[in-house]
Amino acid sequence: MSDISSKFAVGVNPFAKKSSGIADKLIMVVLIACASVAILVTIGIVMSLIFETIRFFEQVPITDFLFGTHWSPQTAITAEVVGSSGAFGAVPLITGTLLISFIAMLIATPLGLASAVYLAEFASSRTRSIAKPLLEMLAGIPSVVYGFFAALTIAPFIRNTGASAGFEISSESALAAGIAMGIMVVPLVSSLSDDVINSVPQSLRDASLGMGATHAETVRKVVLPAAIPGIAGSLLLATSSAIGETMIVVMAAGLAANLTLNPFEAVTTVTVQIVTLLTGDQEFDSAKTLSAFALGLFLFVITLILNMIALKIVNHFREQYD
Amino acid sequence: AIAMSTSAASARDEIRIVGSSTVFPFSTTVAERFGKETDFPTPVIESTGTGGGLKLFCAGIGEEHPDITNASARIKQSQVDDCASNGIKDIVEVKIGYDGIVIANSRDSAPLEVTLQDVFLALAKDVPAGEDGKTQPNPYMMWSDIRPELPKTKIEVLGPPPTSGTRAAFVEIAMEGGCKSFSWIKDLKGSDKSAYKTLCHSIREDGAFIEAGENDNLIVQKLQAAPTQFGIFGFSFLDQNSDVLQGALVDGVAPEFEDIASGDYPVSRSLFFYVKKDHVGVIPGMEEFLAAFSSEDAWGEEGYLTDKGLIPMGDEERASVAKTVADLAPLSM
Amino acid sequence: MLNNSVESEQKMSEFVKTLDENGPIIQAKGVEVYYGEKQALFGIDIDFQKHQVTSLIGPSGCGKSTFLRCINRMNDLVDIAKVKGQVIIENQDIYSKDVDVVALRAHVGMVFQKPNPFPKSIYDNVAYGPRIHKTVSSKDEMDYVVEHSLKRAGLWEEVKDRLHEQGTGLSGGQQQRLCIARAIAIEPKVILMDEPCSALDPIATAVVEELIDELRERFTIIIVTHSMQQAARVSQKTAFFHLGNLVEHGDTDQIFTNPQDDRTENYITGRIG
Amino acid sequence: MLNNSVESEQKMSEFVKTLDENGPIIQAKGVEVYYGEKQALFGIDIDFQKHQVTSLIGPSGCGKSTFLRCINRMNDLVDIAKVKGQVIIENQDIYSKDVDVVALRAHVGMVFQKPNPFPKSIYDNVAYGPRIHKTVSSKDEMDYVVEHSLKRAGLWEEVKDRLHEQGTGLSGGQQQRLCIARAIAIEPKVILMDEPCSALDPIATAVVEELIDELRERFTIIIVTHSMQQAARVSQKTAFFHLGNLVEHGDTDQIFTNPQDDRTENYITGRIG
Amino acid sequence: MTNPFSTEAAGLQGRHTSERIFKLSGLAAIIFAIGFLAIMVGSIAWTGSGALRESVIKLTVDLGPENVDPSDVDGASYRTIVRDALKASFPDVKSRKDRRKLYGLLSPDAALELKQYVSNNPDAVGQIVDVWLLASDDADIYLKGGVDTSLEESQRKFSDAEVAWVDLLTANGQTKRQFNKRFFTNGDSREPELAGILSSLVGSALTLVICFVISFPMGVGAAIYLEEFAKKNRLSEFFEVNINNLAAVPSIVFGLLGLAIFLNFFGFPRSSPLVGGMVLALMTLPTIIIASRASLRAVPPSIREAALGIGASRIQTTFHHVAPLALPGMLTGAIVGMARALGETAPLLMIGMVAFIADVPKGFLDSATALPVQIFLWADAPQRGFLEKTSAAIIVLLLFLVLMNLLAVVLRRKFERRF
Ligand SMILES: Nc1ncnc2c1ncn2[C@@H]1O[C@H](COP(=O)(O)OP(=O)(O)OP(=O)(O)O)[C@@H](O)[C@H]1O
Ligand SMILES: Nc1ncnc2c1ncn2[C@@H]1O[C@H](COP(=O)(O)OP(=O)(O)OP(=O)(O)O)[C@@H](O)[C@H]1O
Ligand SMILES: [Mg+2]
Ligand SMILES: [Mg+2]
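Here the protein sequences come in this chain order: A, B, C, D and E.
For the first sequence, counting from 1, position 25 maps to 25 in our numbering; every step adds exactly one.
For the second sequence, counting from 1, position 149 maps to 149 in our numbering; every step adds exactly one.
For the third sequence, counting from 1, position 13 maps to 13 in our numbering; every step adds exactly one.
For the fourth sequence, counting from 1, position 176 maps to 176 in our numbering; every step adds exactly one.
For the fifth sequence, counting from 1, position 331 maps to 331 in our numbering; every step adds exactly one.
Just so you know, these hints were derived from the structure itself, not from any lab.
Treat the hints with care, as some may be off.
Derived pair list, reagent style DSS-like, types lysine-lysine, alpha-carbon separation capped at 27 Å [as the list claims (entries may be wrong)]:
(1) E/Lys181 x E/Lys23
(2) A/Lys221 x D/Lys134
(3) A/Lys221 x D/Lys84
(4) E/Lys176 x B/Lys36
(5) B/Lys308 x E/Lys23
(6) E/Lys414 x B/Lys308
(7) B/Lys36 x B/Lys125
(8) B/Lys125 x B/Lys95
(9) B/Lys95 x E/Lys181
(10) B/Lys308 x E/Lys97
(11) C/Lys120 x E/Lys101
(12) C/Lys160 x A/Lys25
(13) E/Lys101 x A/Lys312
(14) A/Lys221 x D/Lys139
(15) E/Lys94 x B/Lys308
(16) D/Lys134 x E/Lys23
(17) E/Lys157 x E/Lys176
(18) D/Lys82 x E/Lys58
(19) C/Lys97 x C/Lys134
(20) B/Lys189 x B/Lys134
(21) C/Lys38 x E/Lys231
(22) C/Lys120 x C/Lys189
(23) B/Lys308 x E/Lys58
(24) C/Lys97 x E/Lys232
(25) B/Lys308 x E/Lys144
(26) A/Lys221 x D/Lys38
(27) E/Lys97 x C/Lys84
(28) A/Lys25 x E/Lys232
(29) C/Lys97 x C/Lys114
(30) A/Lys221 x D/Lys114
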C-alpha cells in the first residue's frame, strides 16, 4: 500500500519505488517457468534419447548402425533359446523412410503447388473460402485414418491394378503408404506456399501484366521464381513431417526391412521400427529396445535439421519482401 | 488429487496380464467374460510376447508389475532364476491346452506337404553336409533344392522372433524333431549337448527366414499378399483365417483340430500362463479369474475357448491342472 | 483506510496551495532520446508551468510525441529507446533509479491520439485507476469518484444512464472524454495529451478543447497538436520543435504573432496560408 | 512464325507512318470509373497527342492514377473497379469486347511509382517482354534488343559489364531506368508513368526526366506527377484533375502561367508558394 | 480499320490456351485433393454405417424347471439352454464339428443376454418363450450381404451349411436387424459384434482433460511471458527457435520421451490417461504457445498504453486487459491443439495404451486406451466384423474433430473484435 501522504513532502521522492509485491514476483517466476518448459521438453527429449542411445552404442558399434545394410533387431531373450545374432544396420530403414517420403513429396509437391497457385492467383474469393478450409481438412484428419484407408483401399487397388497389368506388387508397397502420406501433406505445402505466393509484392505482378504478359505467364515467369525460396522452405517442412509420420507407415508399409528403391516393394521405416520395437517387450537393457531410441534420436536430428533450414529460408524470404 | 508415485497410489484393482501373443486371444476372451459375469473389473491384457512378458513379470512384486504372464512355451530355468532374484519365489504354472504350430500359405497356391526333416533343412543355419559329423551353412535356396517333389519356389518363411514362445516351441519341436532324424545328430545329443543344441536350434539368418514380429495378424496379411511365402504361427490363427490360408501337411498330417488334440499332428505345443502367487489376495479377483479360466465352461471339450482355436487337454490332465490352480501349488522345475 | 485517503486528499490540496501557483512543475534538462542509433531529440531544455496548457507543435517526425512520452516514461516500453538528460517533476528526477514508473504514471496521466477506452463498461473504465492504486476503499466512494470524474470530463450527463454499457460503444468524442475522465480519476498532477483531437470531428473537437480549458484549473496540461489553430485556441504556452530540436518556446500569442526563429515563422506561415 | 511476326512488325510501322504525326493517338470519351459504390472519375474527355509528354497533376486522391490505369486497362485487375465510357487508341475502343488486354498492354507500356525490376538478371529483365511476346527469334537478335533498349534508357554504359547480375541490386534510379528499358524493349506506342520519380533522389530524378524528354521522339508519354516543377520541366501538355474531374487541360506553359479555372490556380499557387 | 488489339490480330490464341491449361491444372489439383478427401471419408462412412445395425436371431428357449431352477435362477446354465434351443431348431445337425458351427451362429454373449432376459422377466421362468438373441459376427456379415456365396465354399469362411441354416431362419422370420446400441455403450471386446467405443472414448476424454489442464495454462503462461515481458534478445530468440522446432518434432519422439521419462524414470502407471495426457500436452504446447502469442499480438498496443498510462504495472496491464482480450484466441488455439491431440496415435502406442481394455476407465490412473488407438487395434484385428466397427469408430472420431473445430470457429466468430 502506498503511503500517499509521504509522497508530497518536499524533498522526498514522490515516486519512490514501492516494494513490488511478492505476488508480482511470483507471477513472473511462474511465467518464466512456463516459457522454460518448452526448453525443458527439448532438453528432456535430447537427454532421454541420447542417454539410451549411448547405451545402445555400447552394445552395437555406431558404424554398424549407420552403415549396416541388414536390419533384424532380434536377440534371444532366454539363455535356452538360441536366437539370431541380431543385426542393427539402419540403412534399409533410412532408405525405406526416404523412399516413402520421396513418393509422398512426389504427390504433394505438384498437387500442393498447383493448388496454392490456383488459390492465390486465380480463385475467386468465394472459391477460395470454400476450397481452402476443405484442403486444410486433409491435414486435420488423423493419420490413423489415412493408414486405415491406405491399407484397406489404396494398397489393394494398387495391387489389383498391378496384377491386371501383369506384374506383382506387394500389398504393403511403399507406393500405397506414400500416396496416403502425400495427400496428407498437400495442405502443408499448399497453405505455406499460398502464404509465400501472396507475399510476393503486387508490384512485380503489375510490372509483368503491364508489359502484356498473361496472368499465367506472370505466375510462371515472375511470381513463382520470386517465391522459390519460400516454396522450398515449405517443401522442406512437408518433407520433415512426412519423415516423422508414423501411423500411415505402421499400418500400410509393413515391417520388411528391404533395401530397395522399388516403390512396388514393401519397405519399412524408422518410425515403424520404433513402434514395433517398443510395443512388444520392454526390457531396458537389450539392444533391441535401446535401438528404438537410437532411431528416435536419428529421426529427431533429421527433422530438426530440416526444420531449422526451412524456417531460416522462409524467414529470410519474408524479410526480403517486408 | 493425482498421486504422482505409484508406490503411494492405492492398490490397483484390476488384474494386469502380459505375455504371449498366442495366448492373448484366449486370455482376452476369458478376461472379457470374467469382466461381464463377475463384479470384478475386466483384466487388462497387453500382448508382449512370451519372453517380454516373463521379463516384465519377473521384474518384481508390487502392483506396478503384472500379475500374470501368458506363455506359449514352458518357462525356462533362467527365467525362473531371474524371477527368484527379484523376490518372486512362488509362481503357479497353469497349462491351459495345446496349440499346433502350423506352416501355412495363401489359399491361392498349392498346399505344401513336408516332413520335419524338410523343415529343418529349409530353415536351419547349418545343415548336415554329406557325410556324418560334417555340417555346412544352409545351401538350399529353393524348396525343390531339398527334395525335387517340393515346389520350385524360393524358400521364404515368415516366422516369429526369438522372444516369442511360438519360436521357442517351433525350434524345440519342429526343428529339433527334423534335426534328430539324422541319426548321427541324435547321437550327438548324448556326447555334446551344446553342439547338438546349437545345430538343431539355430535358424538361418540369410533372409530365407524372415522374422516378422510378434503380431501374427500381420503375418496373415502378408501371406495373403505373397502367395509363395509361408508363415509359422499358432493353429488358432489358421483357424480364424481358414478362408484365406491353408496349413501345410507335416509328416502327412494336416493341422486339424482333432489331429492336434489327438497328438497326430507332430508340431503341437502346450500353452501356459504363470501366476505370481504373492499377488493372489492382494489384487482383487485373482482367485476368481483363475477359477474362471480353469472352468469346464472355458477350457473344456465344449468350452468357449475351443471356438477361439484352443485345443483342450484331456479330461484327466484338465482335472489335475485345475487342482494345481485351486491349491495354488507353486511351480518347481 | 477511508480516513487515511480523505486525510491525504486534504494534505495534498494544502500542499498544492503552498507551492507557487505558477512555479515550474516539470523541468526538462538536456533531454536527448535515441532510438537505437538514431537520435530523435537533441538537448531539450524546457520548463512547464503549473495550471497552464502548453502546446507542442512542429512538423511530423520532429519528436513531439517522443518528448511527451519522456515525461511519463512511456518510452521505457520501446526496447530500443534510450533517454539521456533529466526530467524533474516536483524536485525529483524521474529517470533516477529509485523512481517507480508506476507511481510516476499515477501522477502524470496521459491521453492518446486515438481514443482507447478499455473494452469494459464506462464505469469500470473510470474506476480502473482508483482500483489499481487502491486510492478508494468503498463502493460508495468509488461511485463518487466515477461520477465526479465523468462530470469534470463533461460526460456525465450523456452517460449517467448507461454506466454499465461498454465504453467502446460511445462516439469518438465521447470516448476521448471518457479517456480523459479515466485519466483524471486518479488525480494526476499533469496530463499529457498526444493529438487528442486528431481522430475527432470538428464538433467533438470543440467540446474537448473547451474541456481542456476547464481542466487547466486543477491540472497542468501538455498537449501535442498538429493544428496551429488548436494550439492557439487552447494553450497559454507553445513550444515549437523541429528535427528533434526545441526551436522556440514562449507564450502562445507571441509565438504565433511574433516568432523569433525563421524556422518557426516558415512553419507557421506555410501552414496557416 | 518468325515471318509472321516480322511481317506484322512491318505492317505496324507502315501503319504508324500513315497516321498524322501529331494527331491524337489516344482519345478518352466520357470515362467514368467506379470503385464499388464510389465514383472515382467523372466523365473525363481528353485527347493525347503523339510524341508528346502529357502530365497529369492534381491533389492526392483526385483520380490521376485511376485514369492512367484506364489507358492500359490495369484497372481490370481491381475486382471492384468498373469503367464506363470509351478510351480509343488507334481508332479502337480498348474497352470493346474483342480487345485482348494482353495485346493492348504490349502496345501501351507502363512504368510504376516504385521501381519494380523482376528478381532476375538485368538482361532477363529487359528480355522478358520480347520473350513472352516472341517478337525476337534468335539469341543475337535478343542481345541486340537488350542492348538497344538499355542504351535508349541511358543505362547501357552503367550495366554493360554486369548484365547477368540481379536487377534488384541496382540503385533506385538505375532500377527505374531498367524498368523503362524493360518497357520499351517491346516497342510500345504509349508509355504510362505513375509518379516514376517519387521514390528517387533528386539526381536520379534529373536523369530520368532527361530520359523522358528523349523518349518522346519515339513514344507517346503520359506521366502522373505530384511535383509541378517536374510537370513543367518534362511535359508539353498538362491536365489538372480535381476530385475525379478533369478541370483543365492544355499546354503546360499556359496551365502554369495562366490557368483558366480557379481550382487550378489555387492548386498551383498553394503549392508553389 | 481492323482492331489491332484483337486476340487474332496479335496471334495470342496459343498464349491464352496455355493460360487456360495452367489455370485448369491448378483447379484440377484442388479437385483431386478434395475428391480424395471425399472418397476417403465417404467410403469409410459407407463401410462404417453397417456398424449401426446388428443382427439378432429369434430362438424358442425352454426355461422349464429341468433347465432353470426357479429357486436359483442365476445358477442355470444358459449356455446349454441356448445351445439346446439351436439344436432343437436344426435337429439333423449331429457331428461335433457341425454343432460347433451351429453354435457359432450366435454371439458368445447370447447366454448372458438370456440370463439378463430372465432376470428382467421373472414370469418367463418355467415357460417356453421366444427371445431375440444376438447373432455372431459371421452370421451378421452374411445377413448384411457381406458374404459372396458364388465363391467356392473353401474360399469363404461362412460354409454352405451355415448359409443354409441362416437362410432357413430368415425364411421363418427368425432373423432381423436392429439398431446397434452396444457400439456406443460397450467397451472393447474380442467379438466384433460386442465391441464398442465407450471405453476408448472415455479414455480419450480423460487423456484430453489432462492434456488441456497441463498445456493450456503452461502455453498461455509461456506466450504471455514471451510476448509481454521478454526483452528481444538472444535468449528470447532462442526460445522462439526452440518453440518453432518443437512444433515440428515428430509425434512419436514425444512418445519416446514419455516412455523414457514418465514411465521408466518417474514410474508413472503404464497405459494411464495421466501419462497419455502429459505426453500429448507436451506435444500440444508449441501449438498453444504459437496461437496464444498471435492472439496477444492482435491486442492493439493502445490498450496497453491506456493501462500503463494510468499507472498500471505491466503485470496488471497484462492480466487485467491484454490477456482477457486475447483469451478467445488462445482458447481457439487450444481447441485446435486439442483436436490434433485427439487424433494422435503414435505416442500413445509407446506408453502402453495399446492393451486390451474392455472396461470404461474411471479415473486418470486407470488403464485406458484412446479412440485412435482403438481404431488402430481394430484395424489390425483379423475378424472381418471389425472392419465396419473400425470405420464407424473413425467416423465418430471425425465427428468429434469436426465438432471441436466448429467450436473453435464459433468461438472465433463470437469474440472476433474489430479493435
Ligand atoms: N519506436 C520507434 N522506433 C524508432 N524510431 C522511432 C520510434 N518512434 C519514433 N521514432 C522516430 O523518432 C522521430 C521522432 O518521432 P515522433 O513520433 O516523436 O515524431 P512526432 O513529432 O510525434 O511526429 P508526428 O507528428 O508524425 O506524430 C521520428 O524520426 C521517428 O521516425
Ligand atoms: N483499389 C481501389 N479500391 C477502392 N478505391 C480506390 C482504389 N484505388 C483508388 N481508389 C480511390 O479512388 C480515388 C482516386 O484514387 P487514385 O489512386 O486514382 O488517386 P491519385 O490521384 O492517383 O492519388 P495519389 O496522388 O495519392 O496517387 C481515391 O479516392 C481512392 O481512394
Ligand atoms: Mg506524434
Ligand atoms: Mg496515384
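Output the indices of the hints that this structure fails to meet, ascending. 1, 3, 5, 6, 7, 8, 9, 11, 12, 13, 18, 26, 27 and 29
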